[in-house]
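There are 4 protein chains.
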Amino acid sequence: MSNQIGKAFVVTSFGESHGKLIGAIVDGCPAGMSLSSEDIQMDLDRRRAEGDLSTPRHEEDKAEILSGVFNGHTTGAPICMVIWNRDTDSTEYERLHHLPRPGRADYTAYVKYGGFSDYRGGGEFSGRITASFVMAGAVARKVIALSGIEVLAHTVEIGGIPARKVSYQEIKERVAKSEVGCADPEASELMAGAIRKARDEGDSLGGVVEVVALNVPPGVGEPIFDTLEGELSKAFFAIPAVKGVEFGAGFAAAKMKGSENNDPFSVEGGKITSPTNNSGGILGGISSGRPIIARLAFKPTPSIRKPQKTVNLKKMSEEEIVIGGRHDPCFVPRVVVSVEAMMCIVLADLGLRGGQIPRVNR
Amino acid sequence: MSNQIGKAFVVTSFGESHGKLIGAIVDGCPAGMSLSSEDIQMDLDRRRAEGDLSTPRHEEDKAEILSGVFNGHTTGAPICMVIWNRDTDSTEYERLHHLPRPGRADYTAYVKYGGFSDYRGGGEFSGRITASFVMAGAVARKVIALSGIEVLAHTVEIGGIPARKVSYQEIKERVAKSEVGCADPEASELMAGAIRKARDEGDSLGGVVEVVALNVPPGVGEPIFDTLEGELSKAFFAIPAVKGVEFGAGFAAAKMKGSENNDPFSVEGGKITSPTNNSGGILGGISSGRPIIARLAFKPTPSIRKPQKTVNLKKMSEEEIVIGGRHDPCFVPRVVVSVEAMMCIVLADLGLRGGQIPRVNR
Amino acid sequence: MSNQIGKAFVVTSFGESHGKLIGAIVDGCPAGMSLSSEDIQMDLDRRRAEGDLSTPRHEEDKAEILSGVFNGHTTGAPICMVIWNRDTDSTEYERLHHLPRPGRADYTAYVKYGGFSDYRGGGEFSGRITASFVMAGAVARKVIALSGIEVLAHTVEIGGIPARKVSYQEIKERVAKSEVGCADPEASELMAGAIRKARDEGDSLGGVVEVVALNVPPGVGEPIFDTLEGELSKAFFAIPAVKGVEFGAGFAAAKMKGSENNDPFSVEGGKITSPTNNSGGILGGISSGRPIIARLAFKPTPSIRKPQKTVNLKKMSEEEIVIGGRHDPCFVPRVVVSVEAMMCIVLADLGLRGGQIPRVNR
Amino acid sequence: MSNQIGKAFVVTSFGESHGKLIGAIVDGCPAGMSLSSEDIQMDLDRRRAEGDLSTPRHEEDKAEILSGVFNGHTTGAPICMVIWNRDTDSTEYERLHHLPRPGRADYTAYVKYGGFSDYRGGGEFSGRITASFVMAGAVARKVIALSGIEVLAHTVEIGGIPARKVSYQEIKERVAKSEVGCADPEASELMAGAIRKARDEGDSLGGVVEVVALNVPPGVGEPIFDTLEGELSKAFFAIPAVKGVEFGAGFAAAKMKGSENNDPFSVEGGKITSPTNNSGGILGGISSGRPIIARLAFKPTPSIRKPQKTVNLKKMSEEEIVIGGRHDPCFVPRVVVSVEAMMCIVLADLGLRGGQIPRVNR
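Residue numbers (the numbering used here), protein chains in the order written: chain A, 40 to 401; chain B, 40 to 401; chain C, 40 to 401; chain D, 40 to 401.
Isolated chain A (complex conformation):
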C-alpha cells in the first residue's frame, strides 16, 4: 500500500532500476478522456538524460500503455503504463552489495528487507522510479486540464546560485530552452557552469525547484489531514533527494509579522482575489483561487566519484568506497518534470474527491 498515492486518482508505482521495467497504474481516471502514449511520451522526453550535464545512462524510455485505454479514450478501468529497461549494466553493483553508498537507501533498505532488496542501481529506491511518476503525472495533467488547470515548474537555485524572479510567461517560454530547466537565462548559464565544475571534480550539486499551479478553482483540498499542503508534501517527498518543501512565503514567512504576511482580500472583475500571495494559494489547506506555489529543496546527488567512507555490512568493518556507475552530477534539471507530475497527480486526486473534476468526461 506504501507504493501508492491518492484516494480518488490512485497511482501505484512498481519496477526497479535494473529490473525488467518501471511502471505505474492509474486507477480512477475519468472515463472518456482522450489519451495516447504520445501524451505520456511528451513529459517523459523532458525527463530524459541528455547533453553532457547528465548521466551517461541513456535510456530511450518509451512509454507503453497496456490497459485502460480503448479507441483512443480512457475507459474508467485502471491504466497500466510501463517503460521497459534496456540500458542496464549491473556489474558495478555486485561489487557494492555489502558496501552501502552514503546518502543512498542502500543501508536502510538492507536492514528493512533483511538483505533481500534489489541492490542493483538502488532497486525500487532509484531515482529512476520518477519515470513512473512522470507517466502518471502526464495522465493527471490531462485530467486537470479538463478543468483548465495548468502546472509549471522551474529551477530556481542550483549549487547556491539563485535565479531572479520570473513571470509565469517566462517560465512557459524559457524552461524548455534552458539546459538546467531555469527561466532566467543568466542564472541558467551560471548553474550549468557550476554543474560542469562539480562533475569534473567528481562531486555533485543540489538545488531548488519551484512549481506553480494556475487556474485552480477555490475549494480544492480536504481538511484536516488531506490538505493541499499535506498531500502535496507527501507526494513531493516521494521524489528521491527532496529534503525540504515550502508553500508560498514558506520559511521566510516565519520571519514576517502578521501584518506583512497576511494576504488582504480584494475584488477584481467580480471575483475575490488578493494582491499578494504569501499563502501560496492555500488557506486552511484549501485552494483560494490564487496560484498554488511550492518550492522543493533537493540535496546534491549522493553518488559521487570522490572516495567516501562506508562500512562493509558483512565484515562490519570501515572501508573506503569509490562509486562508479553512471550518475547525474546534478539531477535538478531532470527532476523539474517530476515535480510537475506530483503537483498534477495531487490536484487530479483532490479535484476528483472534491467534485471539481467530473468522473466521466461527457
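There could be a bad hint or two in this list.
The list makes no distinction among identical chains, and a pair is therefore deemed to hold if it is satisfied within one copy or across any two copies.
[What the hints assert, rightly or not] Cut-off 30 Å, straight-line C-alpha distance, at most; resulting in silico cross-link-like pairs (DSSO-like, lysine-lysine):
(1) Lys181 - Lys353
(2) Lys46 - Lys59
(3) Lys46 - Lys101
(4) Lys353 - Lys101
(5) Lys181 - Lys204
(6) Lys204 - Lys354
(7) Lys216 - Lys46
(8) Lys181 - Lys211
(9) Lys181 - Lys59
(10) Lys348 - Lys310
(11) Lys46 - Lys181
(12) Lys310 - Lys345
(13) Lys59 - Lys101
(14) Lys310 - Lys59
(15) Lys204 - Lys348
(16) Lys354 - Lys310
(17) Lys310 - Lys353
(18) Lys59 - Lys353
(19) Lys354 - Lys46
(20) Lys101 - Lys181
(21) Lys181 - Lys310
No wet-lab data here; the hints were simulated from the structure.
Add chains B, C and D to chain A, keeping to what the hints say.
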C-alpha cells in the same frame, strides 16, 4: 476520511472551536498498555495558554477518556478522548460571518462548504484542533516509548531571532522552563521581548520549531510514498500555519556539494552509525538509526488587531476589518507540544506497520 | 482502521457495551443538509428493546450530536454522535471473565488482545455496537434521500417460519406494526409465538432479514472490488451474528439455468428496465436501476440460559456455564433497522464516490 | 482505488479480456520469500479451460513476473505479474456494442462510464479478471504457508446436484481428478452430465463452491468492520457471478436454536477447540483456531446461446439477441481455484495486519 491520519495507528479528529467539544479517536493502539487521563493531561497542560504571551482565552482543557481503556489498560478497541469546550464567546463571529479574515480559512471554507461551515472561531479549522492532536500524540508517545523512542521539540526561531545550537540534554532540561519553548535562555528572553512588542503593536510573529526523535531503530518508514518524510510532512502540515517543513540539513542541503552533504557510515560499538546527520536520520524514506530531525516554519498568527482589507462576501465589496476575539500574538511557544504529538503519531503508525512495535503489549 | 467503513462517507464506531458510551463519527457527509438529533432518534427508537420479546435491559438510548452540525445543518466537518450508557450491570461478567461464552467473541477477543479486551457485555463486540451503526445510518438515510433513494428492511424468516412474499407497499405499512418486523401478519404472529416458546425454554432463535433499496439510479458501485455486493456484504457482516448474505435470487440462482436466471432487458416509459430482478438490481457490481435486494441470515442469539460446555481459560479445564445477564431470545426483530442502516451507509458512500450524490447540498 | 483489495497485502488488478494483458500487482508481500513464475503457473493451470466442459477459448495463460523478485526471492517491492492475451477474437463484440447481454455488466458499465468502457468480452468485467486473482492468490498461498496455513476449495453443488459431505483428505486427493472440481466421484459424474446437457441445449448452469482454510491460528481478523467474514465476502463478491456467501452453518443457522448452533468449547491436547464448527471457525469476526469454512453461490453463466430479450441502447428499442462468442456452459469447475485465491489473499492480508505473519522471512 480527510479528518484522519495513519494506517495502523489511526487518528480521527473531530469537534469545533466554539462547538461542544474537541476530540480524537485512536484506533489501532496496542492492547495492554497502561493509559490514564493523566498521561494525556500532562501533554495537554503544555499546550495551555498561560502568562501574558498568549491568548486570554483560558480553557482548562481537561482530557476525558470515553472508550478503549479498561482496568487502566488499553483494550485494543478505539480510544475516544474529548475536551469539553467551556470558555467560548462567539459574539465576535456573528459580526465577521461574511467578512473573511485574511490569512485564515474563513474564505476557503465558505466556498468549499457552500456557506454552511461553522464560522465561529474558525470552526474545525481553528488552531484549537491541535488539542486533539496533542491527546492522540500523548497516546502515541506511550506507544513508541514501548520501543524506547523519545520525542523532543523546541523553538529555534521566533520573529527572526534564532536560538543557538543546543544539545538534546539542554532541550530536555530547558524547554519547560522557557516562556517560548526555547532551550537557549538568551534567545528565549529576546524572543519573549519580541512577542510582547508585536502584541503591543497589535501585530504577531511566526517562528521555527525543531523536533527530534531519539532511539528510532533503523527500518522504520515505508517506500515509495509512505516514507518517513512523506508521512511526517503530511502530519505536520495539518497543524494550522505551518508553511514549510525540512528534514536534516533541509534547504541548506540544496547549497552543499555531495561530498559535504553525504553522511559517511562508520562503526561504533558494533553498530553502524554516522558522525554527521545531514540526512536527519532518514535515507530513502526509512530511518537509519540516527536521530530523526525536522524543522517546521510557522507563519505569524493571522488574527491581528491592526486593521486589514477584506471583502464582504454578501455584498462583494471591499471593507476594512478589525479583528477582536482572543488570539496569541505568537502561537509558536504553545505549538511545540503539537509538533511533538505529530512526530509521535507518525512513528507509532509506521512502527506498527513495520512490525517494530508489537500489536499487543504482553 | 478496522473500526471504520467507507471511503467518501466514512463511519467510525467506538464505545463498549458496559463502558461510558457508544458512538459513531461520520466524516464526509455533504454540507448543508438539515440534521437534528430527532432525525437520528427516530431510527434509534426502532432499535429499542420493548415488549416481552426482547432483553430486559431497557436503555433509553438518547442520541446526542456533539459536532459537525451548526444552525441545524451539516457543516462538512465530522459528525460525532453518542449514546451514554445508563442501564449497565456488569456483576455477571466478573464471574464469566475466564469462561468464554459459546458462540460469542469472548474467546477470540481474549486471544487477540492478550486478555486485555473489555469482557463486560462483550465490550466492543456487543450487539450494542449496532446502535452506532443505526445513528450513522440515520445520517446516511438523509443523504441518500437527497437523491430520492429509500431503504426498507423486513423480517422474512424466524425460527424456520417463512413470511409470504410481500409488496414494497406492504413493507412500508406493516413492519412498524409487527412485533417482529415482519410485513406478513400471519407469519408475524407465528414468529412471535416461536420466540416466546424458545425464551421459555431458555433457548433462542435466528432468522432472515431482507432489505430493499428503491430508486437507486443505475451506475452506483465501483469495480472490481468495491462493488455493491462487496461493500454491502462487508458492512452487513459487521452486524454481529450474520452468517450469510445473498443478493437477488442468491443461493437459489445456483440451481437455475442461465435462461431462467438472466433478467431480460426491456423498455418502459423510455427507460431501460427488466420484468424480473434475479440480479437483485446489481450487474457487474453496479446498480442497474432496479431495486437492490439483499437477504441476511442471522444465527440464533448465542447467549442462552440453558447450560453449556466451555473452558476455563485460566485453568484450561472444561466447565459448564450458565449465562445470566439480559439477552434477546431472538434479536432479529430489533436488528431490522441496523440492516437498513448498513444499506444506507454503503449507498451514501458509493453514491458520493460515484458522483451521484453531491458533496454540498446547495 | 476500487481495483484494489487489502491493507497490508494489497492486490491491484488491471487489464481487460480482449486488451493486451491481464495483470496484478501485489504490494506488501514479505521480503525473503522464494517465488518463481512456476509457483504462479501451478495455480493458473488449474484455472485453464480444458476438455469439452469449458469455453473453446484456449488461452495458454503463461504467468510472467515483471518486478519485485530478485535472485529467486521477493524483495519487499511490489510484485507485478501479467498474462499476455493471445487468443482474442473481438469480431462478435462489435455487433453487440449497443445490445447489452442479459446478466452481464454490459449495460451498467455503459451507463457508469458514459459508453466509453471496453465492451469487448466484457472488458475489465470479464471473468478473465479472475486470472489476476489467481496470480495474486498464488503469491498469497506461499505467504500464508509460511505460517502453516493451507486453503482448499471444492465444488459442492452444480445445477442443483449436491455432493455428499467429504473429508479434508478427500478434497486434497480428489478435486484435481474431477472434471468439475468435486471431491465426491458419483456427484462429480452427475454434475458433468448435467453441464453437457445444458451446453447442448444452449443453456448454462450455476453451483456452489466451498472453501476451507486449515491451521489458521486464533486471533486473525480485525473488528468491527475488517472482520474475517467482512473481508472474505468482499473478496468473494469480486469474482463475477457470485450471488451469495455464507460461513459455517450459514443460512441453515437461521433455522437452528441457540442450543443447537453454539459450538461448545473443549480442551484437546492442551488446546482449546470445539467438537462442532457451526461458526465456520469465526467468532466476532476473528478466527477461533478451527477450520474457516465458507460457501459461495454462483449463478449460471449469463452468456448462453438461447435467444434472449434485450434493448438496443442507441435506438431504445427491444431486440432479440443471440450470443455467439466462446463461453463456459458452467464456470464453477474453473472458478474453484479463484475461490481459493481469494481466501489466500484475505488471510495473507489479515495475518500481516495482525502480526501473525512476519514482514520479513528471515
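Going down the list of hints, with the structure as the test:
no.: 1; hint: Lys181 - Lys353; in the structure: between (49 Å within a copy, 29 Å between copies)
no.: 2; hint: Lys46 - Lys59; in the structure: both (28 Å within a copy, 26 Å between copies)
no.: 3; hint: Lys46 - Lys101; in the structure: within (28 Å within a copy, 32 Å between copies)
no.: 4; hint: Lys353 - Lys101; in the structure: neither (39 Å within a copy, 39 Å between copies)
no.: 5; hint: Lys181 - Lys204; in the structure: within (28 Å within a copy, 47 Å between copies)
no.: 6; hint: Lys204 - Lys354; in the structure: neither (52 Å within a copy, 36 Å between copies)
no.: 7; hint: Lys216 - Lys46; in the structure: neither (36 Å within a copy, 44 Å between copies)
no.: 8; hint: Lys181 - Lys211; in the structure: within (17 Å within a copy, 48 Å between copies)
no.: 9; hint: Lys181 - Lys59; in the structure: both (28 Å within a copy, 23 Å between copies)
no.: 10; hint: Lys348 - Lys310; in the structure: between (59 Å within a copy, 15 Å between copies)
no.: 11; hint: Lys46 - Lys181; in the structure: both (18 Å within a copy, 25 Å between copies)
no.: 12; hint: Lys310 - Lys345; in the structure: between (56 Å within a copy, 25 Å between copies)
no.: 13; hint: Lys59 - Lys101; in the structure: both (13 Å within a copy, 17 Å between copies)
no.: 14; hint: Lys310 - Lys59; in the structure: neither (52 Å within a copy, 35 Å between copies)
no.: 15; hint: Lys204 - Lys348; in the structure: between (40 Å within a copy, 26 Å between copies)
no.: 16; hint: Lys354 - Lys310; in the structure: between (67 Å within a copy, 12 Å between copies)
no.: 17; hint: Lys310 - Lys353; in the structure: between (65 Å within a copy, 12 Å between copies)
no.: 18; hint: Lys59 - Lys353; in the structure: within (28 Å within a copy, 45 Å between copies)
no.: 19; hint: Lys354 - Lys46; in the structure: neither (45 Å within a copy, 37 Å between copies)
no.: 20; hint: Lys101 - Lys181; in the structure: within (19 Å within a copy, 34 Å between copies)
no.: 21; hint: Lys181 - Lys310; in the structure: within (26 Å within a copy, 34 Å between copies)
The structure fails hints 4, 6, 7, 14 and 19 (numbered hints given earlier, in ascending order).
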